[in-house]
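Student: Following the hints, complete the assembly by docking chain B with the ligands onto the known chain A.
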Amino acid sequence: MATYKYHVLICGGTGCRASQSNKIIDNFKRLLKENGLEKEVQVVETGCFGFCEKGPIVKILPDNTFYIEVKPEDVEEIINEHVIKGRKVQRLLYVDPKTSEHKADSKHMGFYKKQLRIALRNAGFINPENIDEYIARDGYKALATVLEQNDPQATIDIIKKSGLRGRGGGGFPTGLKWEIASKNAADQKYMICNADEGDPGAFMDRSILEGDPHSVIEAMAIGGFCIGATKGLIYIRAEYPLAIERLKVAIGQAREYGLLGKNIFESGFDFDIDIRYGAGAFVCGEETALIHSMEGFRGEPTFKPPFPAQEGYLKKPSNVNNVETFANIPVIINKGWEWFSSIGTEKSKGTKVFALAGQINNVGLIEVPMGITLREVIYEIGGGIKNGKKFKAVQTGGPSGGCLTEKFLDTPIDYDNLLAAGSMMGSGGMIIMDETSCMVSVAKFYLEFTVEESCGKCTPCRIGNKRLYETLEKITNGNGTLEDLDLLRNLSTVIKDTALCGLGQTSPNPVLSTIDNFYDEYLAHVVDKKCPAGQCKALKRYVIDPDNCIGCTACARACPVGAIKGEKKLPHEITQSLCIKCGTCYEKCKFNAIKIQ
Amino acid sequence: MEKIKSLADLKKKREDLQSGIKLREQGDNIEEMIQVKVAMATCGIASGAKQVMDILINELNKRNIPAVVTQTGCMGYCYAEPTVEVKKPGQEPIVFGYVTPEKAEELVTKYIINNEILEGVIPVNYESIEDK
Ligand SMILES: Cc1cc2nc3c(=O)[nH]c(=O)nc-3n(C[C@H](O)[C@H](O)[C@H](O)COP(=O)(O)O)c2cc1C
Ligand code: SF4
Ligand code: SF4
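Chains as they are written, first to last, in this note's numbering: chain A, 44 to 640; chain B, 443 to 574.
For reference, chain A alone in the conformation it holds in the complex:
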């Protein structure tokens, strides 16, 4: 049986396709055949390499040669030189602009790889149910180092200097948070991991816990040592059974190795972790509500101060951090704060994990350095918009965030830029929308979520959001007025200013950002009674064009509510008050006489 000696991998991403990668594939297949090499060399089209600006990309295995900007006419040379004579075609290799060296191997071309995996370093790499694989990848080394040094403040300083900010949404500096908790003396303190993850579309934290549970356990122990807590608690929603299972396995293995429990690394430090289950209420991700829920009370937020660092779980000083925040900690200790702070922007260091969803080709989980642009994320990592449609907006920050438009595509992503643009980093959901999305409906979707999830404790959020939702519904039903737009703005501002917790304080953001960025679309709904994206059913009107209609009666017979009247062979007419916009007539008409307005 013949086996292949070489593999030629050719990028089939949208960008490379546009620059003739198809032709390159054809040329390879044809020329290999002509040379009688088709049994020795296999030509394979692959997904996007994520280096579209230097496309088309051709990679040769097993020697991993990476050719850039390949043209169909270069194929002959690659076959003659590389495949037949085993010599690399120098002029098609990437030239490092700094050293003018030719780089043959994509492994040494780090710059082109837009993603950097710190929090996800082990996810998809190790077996999460085997602690040995974690240890083989430097696992628990950071904890050992910290305990050996035995200087909590020194470790806190490292985290402070690294510039790490909370990944749960707020972006509070983690080192500072630990320092505050460490200074509040008490007989018992708690290190809490927030694994509630309630944003629609977000699954970053779940993936970390499922793929690398030990990184969170190790970091919690480090944090516990720094603030003086001997007890760790993980609050996770019961809807994450696999993550819970893997956490339990991991905690069990860590205990067996003595990496949790009494006298860890014979340092005298005790630390153990318990899991607490949430019932899946969004508001329970808010730290005060989370703490009350763990105490067995209703999951309702309370006013801050007192902050958890002063009075947290069981009224003891507690520190709450997000899963992804924790996952960064061991790497910062192992590789140093200088390394970590060299990645990212001035005020946002390191990377961020995003869950890409919506109308994008490569739906999935990515981790990118702060400061990357939305354009790079959407087009180079995400592979562009589905079905070649046009980009319209990207929603970040979930129900607390906003929609960013084309004009923000080149804005570097970090905490401050996203806030300035009227959205926020949030926990990392990123939903991409194309031209067929109606922005009023998008705002309505998020408000529906908030109304459902509001705990009802304070009036602005409980009643205000309901009114926002009703007003949006009125607009999408075609009954909105210009006054309604003012009402949306004013009410939003009041809710933001007066709600008790973060949920209410941010819930109007989807409304405000869509009004700001898509005012024309709101106007079209209220003034022209039209939905430009064609999504709002109530605003659709089916009408018959009398010039095209031949009076075949097909539509009238198909209409389920008898809304179409007309004499045979004469133009028909749709009675709008009866029409339920089912679209049946539109499909039946063979004469293109029915139009959607």
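No wet-lab data here; the hints were simulated from the structure.
Any given hint could be a false lead.
[Claimed, not checked] Straight line, CA to CA, 25 Å or less: simulated DSS-like cross-link-like pairs of lysine-lysine:
(1) K455(B) with K305(A)
(2) K184(A) with K574(B)
(3) K509(A) with K580(A)
(4) K378(A) with K184(A)
(5) K573(A) with K638(A)
(6) K530(B) with K184(A)
(7) K390(A) with K574(B)
(8) K378(A) with K574(B)
(9) K146(A) with K529(B)
(10) K305(A) with K445(B)
(11) K529(B) with K82(A)
(12) K453(B) with K378(A)
(13) K608(A) with K638(A)
(14) K157(A) with K114(A)
(15) K48(A) with K454(B)
(16) K291(A) with K529(B)
(17) K530(B) with K82(A)
(18) K305(A) with K454(B)
(19) K48(A) with K552(B)
Tutor: For chain B with the ligands alone, kept in the frame of chain A given last:
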């Protein structure tokens, strides 16, 4: 199980694990085996990764191919689940996407046995902390 009591203990353990001593003691040398990893997070399992893993193990066993099949977490390519990474001795690992049960069998008969790459290769375009 033996407890790890110090940084030195941990270092020793890590070195043992990294050089695969443990595995060699058991008679296997992992570096000379084909390593297959199946992404088994919620997304992978939902699209059939468990079945795929069973098929891979069966097909490899049936043919007496020395290979280790393990589960791992989400590789991030949710659009292409189930995803499987195959590393042949001395070669770079290749990630295959869209590995349906039918393709799982082909992965063994075509790529692992016959070195023929299947469609759905996902180029790995991220840096790991070791490279940086
Ligand atoms: C309504 C609401 C929901 C929240 N949900 C989460 C969540 O699911 N996960 C999370 O880590 N933080 C969530 N937060 C933020 C937490 O209150 C808290 O700031 C965070 O866990 C702190 O961790 P960090 O500093 O590591 O980000 C939420 C906040 C609000 C107001
Ligand atoms: S803002 Fe909403 S969720 Fe927060 S306390 Fe008030 S009612 Fe509850
Ligand atoms: S199906 Fe078309 S052509 Fe026939 S009656 Fe209806 S609108 Fe006129």
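Student: List, from low to high, the hint numbers that the structure doesn't satisfy.
Tutor: 6, 15, 16
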